[in-house]
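J.: Generate the whole structure from the sequences, applying the supplied hints.
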Amino acid sequence: MAELQQRLAELAERLDFPATPPLAARVGDELRAAEPPAHPRRTTPRPRRGTTDPPRAATPRPRPVTPGPRRTTPRPRRGAQRPRRGATRMRLALLVVLAALLLAAGAVAAVPATRHAVLELLGLRGETIERVPRLPENARAKPAWRLGRPTTLAAARPRLSFAPLLPAGLAGPNGVFLNYGTPGRSLNLTYPPQPGLPRSRFTGVGLLVNELNGHAAPGFYGKMVPRDARIERFGIDGRFAVWVEGLHLFFYKPTTDHTFHIGHSRLAANALLVQRGNVMVRLEGKFDKATATAIARTLGR
Amino acid sequence: MAGETIAEESLLTRAREGDVRAYEELVERHQETAFRVAWLITRSSADAEEAVQDAFLKAYRALGRFRAGAPFRPWLLRIVANEARNRRVAVVRRERLALRLHEERRPAVAGAAEAEALAAAEREALLAAAARLDERDRLVIGARFFLGLSEAETAATLGVRRGTVKSRLSRALGRLRKEIERDG
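Residue numbers (the numbering used here), protein chains in the order written: chain P, 1 to 301; chain D, 302 to 485.
Read the hints as simulated data drawn from the structure, not as lab findings.
Since we're looking at a predicted model, the values are computed, not measured.
Where a beta carbon is used, it is the ideal one built from N, C-alpha and C, also for glycine.
Incorrect hints may appear among the rest.
What the hints assert, rightly or not - Derived contacts from chain D toward chain P, CB cut-off under 8 angstroms, selection only:
hint : residue
1    : Val353
2    : Leu428
3    : Phe447
4    : Leu474
T.: Quick look at the structure:
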């Protein structure tokens, strides 16, 4: 038997395991995007069972990878002064947001047209939009870019940090993809070309739906929109939306360095961005604003 | 080794206090073994990758329940193995045990020395025989020999007691020997 064990040990040295993916940065990104965890220290040592450490931790109850949005309203507290303090905080927060929006609007107005990029919009959590004089020359169309790993909706749901929204009344989706590279993870759905949704040369499909947790991935995705493309902010049933019409650049900034790189971008045409709670939905395809808006109105869980 | 343990304990303490960078370092240290354990169980790189990523996230959130001073790797590997088992689906969809020998170390039989060629053929036969074992045998052999896990780590990975690892390994080796003899 010892000889067999020796042979197995020698064999191990020559085994060709699949390459280990670099997980540290990805895990770190997800943790930073999530709420800080509570790690209550045990005050009394747990009685040791067996030789290995507690199995309780080995079978943790399934939880969303990233918790939902941070509590924005103060917790109810005892005492007469507390609610007033909370209300004051709310008012203060509102003022800060208003001031930020005014400053942004002022900046857009004040920056000369020749300036390289102007921050156009602050309204979406998951995506920023910059107005640029022109697109980078080496920008390319990349259908199926960054879709993620093929999966099913049922398998994707528990792995997302948000409840996905699905358009109704369409044929499909014919592809469901989970992208682990986005903080909080993102869901991509592809719909085949169908009446009203012709194939787009930028996505290769009739409709591409991209969803992410805007709270977990603030500013992860972005758009560079040249002057000749249109940006329109409007509301869909009281929810904030942005319509971008015309050729623009869709990109992401890795959370490790937050810098733009042409390799992390692709050309895109018309797209509608809708913020629904913590979910930012992006609908992209060769369609007009009315079609995109009609699809957005059907989004549901 | 003692220095490494101290460094790991320090990383664990910092990670428990919410230092994500310290935890990233722990991930860096253990990701290869964790991935290989998950791969042995799922036999799919994609599933193993998902399982390990989720396991690291869950382990971080469970650090408060981790007993200070206890070895981290067996505790982590148990979480990894549980995640990997959750992802294991119908065997029919899976590739055969796809462990291979390093391509560059395979001798070109025609030109190699006879002894070396024979040794290479024996290794191939041994690997093939191991691949034919049932999952229970394959996992215990894989954990102990291919991944070099300790008995405690193997026990945590398989979710059994240390004594069970010993007896299971002994039986698995016996069956492996029979497989080799059958090959003749």
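J.: Return the status of the interface hint for leucine 474 of chain D: holds when the least beta-carbon distance to chain P is below 8 angstroms, violated otherwise.
T.: Result: holds, 6 angstroms to nearest chain P Cβ.
J.: Close enough to count: is the Cβ of valine 353 of chain D nearer than 8 angstroms to one in chain P?
T.: holds (6 angstroms)
J.: Min Cβ distance, phenylalanine 447 of chain D to chain P: is it shorter than 8 angstroms?
T.: holds (5 angstroms)
J.: With a cut-off of 8 angstroms on the beta carbons, see whether leucine 428 of chain D makes it to chain P.
T.: holds (6 angstroms)
Checked against the numbered hints above, the structure violates none of them.
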